[in-house]
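Chemist: Sequence:
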Amino acid sequence: MTETVLVEQHPGWRRLVLNRPERLNAFDRAMQEALHRALDDAEADRSCRAVVLAGSGRAFSAGQDLESVRSEADLGRVLEDGWNPLILRLGRLGVPTVAAVHGIAAGAGVALALACDIVLAARSARFHMAFARIGLIPDSGATWQLPRLIGPARARAISMLAEPVTAEQAEAWGMIWRAVEDEVFGAEAAKLAERLAAGPTAALVATRGAFAAAGTATLEAQLERERDLQRAAGQHPDYAEGVAAFLEKRAPRFGARA
Numbered sequence: 001m002t003e004t005v006l007v008e009q010h011p012g013w014r015r016l017v018l019n020r021p022e023r024l025n026a027f028d029r030a031m032q033e034a035l036h037r038a039l040d041d042a043e044a045d046r047s048c049r050a051v052v053l054a055g056s057g058r059a060f061s062a063g064q065d066l067e068s069v070r071s072e073a074d075l076g077r078v079l080e081d082g083w084n085p086l087i088l089r090l091g092r093l094g095v096p097t098v099a100a101v102h103g104i105a106a107g108a109g110v111a112l113a114l115a116c117d118i119v120l121a122a123r124s125a126r127f128h129m130a131f132a133r134i135g136l137i138p139d140s141g142a143t144w145q146l147p148r149l150i151g152p153a154r155a156r157a158i159s160m161l162a163e164p165v166t167a168e169q170a171e172a173w174g175m176i177w178r179a180v181e182d183e184v185f186g187a188e189a190a191k192l193a194e195r196l197a198a199g200p201t202a203a204l205v206a207t208r209g210a211f212a213a214a215g216t217a218t219l220e221a222q223l224e225r226e227r228d229l230q231r232a233a234g235q236h237p238d239y240a241e242g243v244a245a246f247l248e249k250r251a252p253r254f255g256a257r258a
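Under my numbering, think of the first position of the sequence shown as 1, with each following residue one higher.
Certain hints may be false.
For each label pair, taking beta carbons as the anchor points, the in silico distance ranges come out as [stated by the list, open to error]:
id	residue 1	residue 2	range
1	Ala73	Ala240	49 to 59 angstroms
2	Pro147	Leu223	21 to 31 angstroms
3	Ala73	Glu220	41 to 51 angstroms
4	Arg123	Leu6	39 to 49 angstroms
Hint data in this document are derived by calculation from the structure and do not stem from the laboratory. Using N, Cα and C, we set each Cβ at its ideal position, and we do this for glycine too.
Just need the whole structure built from these sequences, with the hints factored in.
Modeler: Shown next, in the form of structure tokens:
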């Protein structure tokens, strides 16, 4: 039986590859469960300090495999049991995450990429909010992510018109971090993972949490949150190493995950 999520281990990080290329890496329930297991295993491995999520074949992910839910009367349950826990899992993972998007990312595949900390795209990538084409609304956190990233006007338009967004547009709009040439895309994703893996893991994960909370927090609440997170960061060995490296004019050597 073909593995629907391939795990590539590299020094300090892992690449998780969605592997249903004949279905453009569209998800059925088994694939969601396989990705959950792969994320759990990566987090449990204390030597793993970053995760790259990528796709095999011609696409990152076409989102939900419609054939697998064709007879499902309650699509809300599909989200509640499958996509929603997966999106939340990515947001709570104990290491930073990178979505390496090539080819098409459609529907929940877009939301999956945006749930990662950093999105790197090949120049040929396309982000397609295709829900309206089949009479559905954006889901899997897309209605939360997109307005915050590109503004409500653009979020509404790309969702209602179901028109694909190029990698260059996505970068210009702030939807993703960077678009790079296809020829160097794989190498750039690996460099990004290596850089994150060499960083202060606890501080990077806390940074993610702080930004996620800021969207619905008052300034006073966010200042208090920053105080508490900074207090914890200041007591972590990575802080002492970072200061020592700065004063000694050398690159820091951050320790293992806490």
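Chemist: Look at each hint and say if it fits the structure.
Modeler: Tested hints:
1. Ala73 with Ala240: 49 to 59 angstroms: 57 angstroms, holds
2. Pro147 with Leu223: 21 to 31 angstroms: 24 angstroms, holds
3. Ala73 with Glu220: 41 to 51 angstroms: Given about 46 angstroms between the Cβ atoms, the range holds.
4. Arg123 with Leu6: 39 to 49 angstroms: 24 angstroms, violated
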